[in-house]
Every structure is written in C-alpha cells, then in structure tokens.
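Asks: Model the full assembly from the supplied sequences, consistent with the hints where possible.
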Amino acid sequence: MMCERCGIRPATVHKVRIENGVKTELHLCEECARETGELHFGPSPFGATFEDLMKSFFDLPFMEAPSAEAPARAPTRCPNCGLTWSDFKRLGQLGCSQCYDTFQRELGPVLRRLHGATEHAGKRPGQHGESVRRRQLERLREELREAIASEQYERAATLRDQIRQIEKESKQP
Amino acid sequence: MSFDEMIRRHVRGWMVGQGPDSDVVLGTRVRLARNLKDIPFPGVATQEQLHEVVKRVRPAIESLDARWGGPLKFTRMGDVPDLTRQLLVERHLISPAHTQQVREKAFAVRDDEAASIMVNEEDHLRIQALFAGFQLEEALNLADRVDDGLSERLEYAFSERVGYLTAWPTNVGTGLRASVMLHLPALAMAGQLQHVLSAVARFGVAVRGLYGEGTESVGNIFQISNQVSLGRSEDEILKHLANLAHEVVGHERTARQRLMSDRRALEDRIWRSYGVLRYSRAISSQEAMQRLSDVRLGIDLGIIEGLDQRILTELLVVIRPAHLQSFMGRELTPAERDVHRAALIRERIRLPNERLAQGP
Numbered sequence: 001m002m003c004e005r006c007g008i009r010p011a012t013v014h015k016v017r018i019e020n021g022v023k024t025e026l027h028l029c030e031e032c033a034r035e036t037g038e039l040h041f042g043p044s045p046f047g048a049t050f051e052d053l054m055k056s057f058f059d060l061p062f063m064e065a066p067s068a069e070a071p072a073r074a075p076t077r078c079p080n081c082g083l084t085w086s087d088f089k090r091l092g093q094l095g096c097s098q099c100y101d102t103f104q105r106e107l108g109p110v111l112r113r114l115h116g117a118t119e120h121a122g123k124r125p126g127q128h129g130e131s132v133r134r135r136q137l138e139r140l141r142e143e144l145r146e147a148i149a150s151e152q153y154e155r156a157a158t159l160r161d162q163i164r165q166i167e168k169e170s171k172q173p
Numbered sequence: 001m002s003f004d005e006m007i008r009r010h011v012r013g014w015m016v017g018q019g020p021d022s023d024v025v026l027g028t029r030v031r032l033a034r035n036l037k038d039i040p041f042p043g044v045a046t047q048e049q050l051h052e053v054v055k056r057v058r059p060a061i062e063s064l065d066a067r068w069g070g071p072l073k074f075t076r077m078g079d080v081p082d083l084t085r086q087l088l089v090e091r092h093l094i095s096p097a098h099t100q101q102v103r104e105k106a107f108a109v110r111d112d113e114a115a116s117i118m119v120n121e122e123d124h125l126r127i128q129a130l131f132a133g134f135q136l137e138e139a140l141n142l143a144d145r146v147d148d149g150l151s152e153r154l155e156y157a158f159s160e161r162v163g164y165l166t167a168w169p170t171n172v173g174t175g176l177r178a179s180v181m182l183h184l185p186a187l188a189m190a191g192q193l194q195h196v197l198s199a200v201a202r203f204g205v206a207v208r209g210l211y212g213e214g215t216e217s218v219g220n221i222f223q224i225s226n227q228v229s230l231g232r233s234e235d236e237i238l239k240h241l242a243n244l245a246h247e248v249v250g251h252e253r254t255a256r257q258r259l260m261s262d263r264r265a266l267e268d269r270i271w272r273s274y275g276v277l278r279y280s281r282a283i284s285s286q287e288a289m290q291r292l293s294d295v296r297l298g299i300d301l302g303i304i305e306g307l308d309q310r311i312l313t314e315l316l317v318v319i320r321p322a323h324l325q326s327f328m329g330r331e332l333t334p335a336e337r338d339v340h341r342a343a344l345i346r347e348r349i350r351l352p353n354e355r356l357a358q359g360p
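So the protein sequences, as listed, match chains V and Y.
If you're matching positions, the first sequence starts at 1 in full-length UniProt numbering and goes up one per residue.
If you're matching positions, the second sequence starts at 1 in full-length UniProt numbering and goes up one per residue.
No lab work stands behind these hints, which were simulated from the structure alone.
No false leads were slipped in.
Output of the computed footprint for chain Y on chain V, the stretches with three or more beta carbons under 8 Å from beta carbons of chain Y:
# : stretch
1 : 88 to 96
2 : 109 to 119
3 : 133 to 146
Don't be surprised by glycine CBs; every beta carbon is placed ideally from N, CA and C.
Replies: Below is the structure:
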C-alpha cells in the first residue's frame, strides 16, 4: 500500500480513528506522518513528562460525551484542594491525592486510555525489598530450569536451596 | 588547571562507568514518583504546604544510610547558584523545570550521583537512579531501596485501587518511568532509524531524542522509555522495556556489521570526523555531537584504536554551555563557547601515538 498523502513511498503508519461512530483510516509513510504530526516524538530529554500525550487525549470526543446512563456528575470540585475537572483538563495534572477519589468516574476512561488498565498491580508502601526478592527469585528459577535442562544437577541443587532460603525469608514478618 | 583535570573533576557517575551492552547503550535511568499523604501536589500546593513537605522530607532523606541507598546530600535549590543548577540539568540529575521558581524546591544526591531525589518538582518526591550501560534491574533496585527507606519514614499518598498517586495520571500506579539511552549511528546511516523506532513505539514505549525536537536527534542518541505505569508490576514494565530495547540494540548491531562490508567509505567518514574534532578551532555543539557519534562508532567497530569508548558519553555532557562556562569560570558568548568547546575536545581526542600539532 502506498502513502495516501505523497503516493510515492510505501505506507508504514496506519491509523484507525472512530469519531461519532464513523470509522476513518489513514495510511501514511513515515515522512508524511511526521510532517502531519501523526507520528509524534516528544522533544523532552531524560525526565520526560507526557504532557503532549495528555493534551492530545483531551481533544478526543470521549472526554466530552457523557454516556447516556451516567447520572449527573458528583462533585465538580475536589473538596480537599479545590481543583475542578475543567482545571484538570486544562492543566493535565491533578491537585491532590483526594482528586483520584473525587473524579474517580471521569478518570476511569482516562486511565484506561493511558495505561490500558485501571488497577494497580505493583509494589506497595512497606513492602521492603519485596520487588528485589521477586526479581532475584525469578532469575534463580530461570537458572534452575537451565541447570536441569543441561543436566547440571549439582548446580540445580544449590539453586534450589537458594530459592527455598529466599522464599522462607520473605514469609518472615 | 588543564581542561583535562577539570573534566576529571566534573565527570562522575554514569558518565565514567561502562555498563553491559555499552557498545550501543550509553545509560539507564529509573525514576519513581511519590507524594506525601494529605498535602496537595506541588502544582496546586501553597508555599506553606510546600514548606511543610521540605520540613518532613529533609530529615527522612538525610537519615538514609547505605542500606537505603544513601547517604544523600540535601540542598535547597535556592542555595544552588544559577550556573550549578544548569550543570545539574546537563548531567540529567534534575529537570529544567526544577531550576525555576525554586522557593521550597530541593535536591538530594549521593556522592557518586547514582541516586538522587528532586523535592517539590511535579511530585513531592522524584527518586532517580542513573547507571552506565544497560542496567535496568540495578537501577530499579537502587531506586527501590531509597523508596523503601523513605516509606519507613514518611506516609505516602497510596491507594489500594490505583497505587501510588501522582500529579500526572500518566505516572499513577507504580510511579515508575524507566529509560534507556541508545546510540544508533549505524541505523541512522542506513536510513532505517525511523522504521525501527516507530516499530518499537507501536509496542507502547516512548521514543525521544536526547536533545531538541524531532527524531533526527543530535548525535544519533535516543531514549526509549515505558509509557504504561498502571496495571503492571515493576518487573513486567522493566521486562517489556528491556525486550524492546534489546530488539533495537540487535538491529543496530546488524546495521553496524552491514556497514563494515563497505569499510572504505565508513572509514573515510569516521577518520574525517576524527580530523575535525582533533584540529578544529571552533565547533558548534550540533556538529560536535555528530562528529563524536562518528568517532564513537569508529571506536566500537575497532576502526579507531587507543581512544576510550566513553568519550561520547562524557563529552556529550561536558561540551554543553553550563559545563563550558563552569570550566572557564565565567559567562561565555555562543562564539566563545564554540572556541572553548573545540579546545576541550582537542584535549580529549588524541591518539596515544599522535605527536603532531598539539595546539593550544
């Protein structure tokens, strides 16, 4: 397939957009995609934030269209910090931790859009060294599989003991 | 003091190290965004509230010992001179935003610069770990330890549902942003850069040039970092990023091998760049970066022998304006910077057997 814009180069960037129930497809080469802003690489160095990404989400129709069954919005202003939902749409940033509760309903689609998920699956405060141990265990188990596969049974036994030791330690309070 | 001594004094941390896959991967960075419970995020908080953050956070940071990734030296940004703030930005230790409106902003860093913390940037705490080469796991382990130490001493804003709460919803969940800095000259020469980078970008990583707009990044240096921070564990996020980074590294290595089949053209280009760096009397940072990229490729491919592989990593930081001005101890006009940049590079780029034109 050739690029729809220049018709010279092969199309390598494909975009499907659904707006008001109408599906449009866009097939561009990298160069045209870049020129039209369809392929965006942010300018920011190490320490990058995702402002551009956020801003582009706010232009999407799903942010505005209230779904038919949704009741009237709960508070429009965070009781803790005073931020409104339209402030958030302007700034892209939330005001305080309570905003996550206040705007829970509105944030759902935003989080899903950004992360493809709405529930945390990682570390928790106070889980000291937990993720370190998990990674260590994962690596040891991998080595154990390799040791067994290559019939290095002595090494496998040592690895098994190490794994048991770490598992025991992580069960202790 | 010679430039050489000055560089040695200034270059530390990830710039002097040489990590795994250092033929392509210059450095690794991991950042954790954390906030205190009950205090609004910095974008909304009052001066009093930000002051309260510093009051609570400072003793917590100062009490971190080696077990918790410390010790870290705590400094208020207001006490840091302008030029030093710029130095910190150039060394990737703080963001440009952290040099502005510095009242109640602070910064803490470990002596080797591997661990650092920004206080009251976009979040109350941004814990950062910087390593040379490809060391995602090591960087996360260090940031994790600092985080563990702080979570013993401070109460974080955390929700069972969405994890660590952050000012930007893009960071919520793990608060983790991991980046790998890649040097991709062969892909650039082969014209395959766009193709490879946009391919990995489709798998949920962000691709950025190191400095400046657009993907034709100066010096062929790019960063790839995770975009998702919610719904996956830290391990899963790192593994995903590592897989994609390895993918890019593999493509770059293949492209390098292919370049070697037309060795004469490649050698000519690399030695010409060496010549420019070795003998020019004024050089823009743009040209310097491109030439350094060529020379570094020459070193990686064994075309140039006797020069340190870390030359690009080191110079890419120290030829920037604040470092140059810090070496000279005064403000420099752009034209003066070009002259001093050339002098500094001449000092660093010299083959051991070279006796010619030592120049000023």
